[in-house]
Amino acid sequence: GQNIDQPTEMTATEGAIVQINCTYQTSGFNGLFWYQQHAGEAPTFLSYNVLDGLEEKGRFSSFLSRSKGYSYLLLKELQMKDSASYLCAVRPTNAGKSTFGDGTTLTVKP
Amino acid sequence: EADIYQTPRYLVIGTGKKITLECSQTMGHDKMYWYQQDPGMELHLIHYSYGVNSTEKGDLSSESTVSRIRTEHFPLTLESARPSHTSQYLCASSEGKGNSPLHFGNGTRLTVT
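Going down the list, the protein sequences come from chains A and B.
Residues in the first sequence are numbered consecutively from 1, following our numbering.
Residues in the second sequence are numbered consecutively from 1, following our numbering.
These aren't lab readings, by the way, just hints derived from the structure by calculation.
Hints are supplied without guarantee of correctness; some may be wrong.
[Stated by the list, open to error] Pairs of lysine-lysine, DSS-like flavour, derived with a Cα cap of 30 Å:
id	chain 1	residue 1	chain 2	residue 2
1	A	Lys57	A	Lys81
2	B	Lys57	B	Lys18
3	B	Lys18	A	Lys57
4	B	Lys97	A	Lys68
5	A	Lys68	A	Lys57
6	A	Lys57	A	Lys109
7	B	Lys31	A	Lys57
8	B	Lys57	B	Lys17
9	B	Lys31	B	Lys17
Could you put the whole structure together from the sequences, leaning on the hints where they help?
And the structure:
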């Protein structure tokens, strides 16, 4: 089966750095995705990791450790617009459908 | 920017009615998906398709049905709507490659009274 765990809620201050963790136990692994979803809107793609290590994209970075079944999304220089839900999703096989975690709701305060 | 469209954006309908939620994409993606999401809750996969004439049920049992007669079109139908079907329905598509992310439509927010 597939099991993906993320913290339910996090709060951080504007300008700070926040790390959102995701742990997974899946029957296979062919990549981990992070999506951002603002309230009432559709998810949008942020990052993809398939090999161990850090992928950096501007203010956002994502890290993967396949041996530990662990990933994190790092958001730097937080802005108010970063307040959203962040979804971790694992694709078990190359042709397989993604399984989503419950999402982490991030609130950025002034 | 993703080109995937869902209509209607909002729908309020009475119990027992038949409804079809439309989803179209212009990217030529083979893979298409329907997710159901209640406010503040997780995404649940209810149907997916890997190409024309291919449809499969997802992880969450659903009374809806889908069809895939054309690559760009993946409609979802509820034969008899019930209040328990009230939810947001998100359509998504992706390329065939393993590193291809999902591109989501804006969703249809369905309310069954």
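Against the structure, the hints come out as follows:
1. A/Lys57 - A/Lys81: holds, 17 Å
2. B/Lys57 - B/Lys18: holds, 20 Å
3. B/Lys18 - A/Lys57: violated, 45 Å
4. B/Lys97 - A/Lys68: holds, 25 Å
5. A/Lys68 - A/Lys57: Given pair A/Lys68, A/Lys57 holds - Cα atoms ~23 Å apart, limit 30 Å.
6. A/Lys57 - A/Lys109: Distance of about 23 Å is within 30 Å: holds.
7. B/Lys31 - A/Lys57: holds, 26 Å
8. B/Lys57 - B/Lys17: Answer holds: B/Lys57 to B/Lys17 is near 22 Å, not above 30 Å.
9. B/Lys31 - B/Lys17: holds, 29 Å
When each numbered hint is compared with the structure, a violation occurs for hint 3 only.
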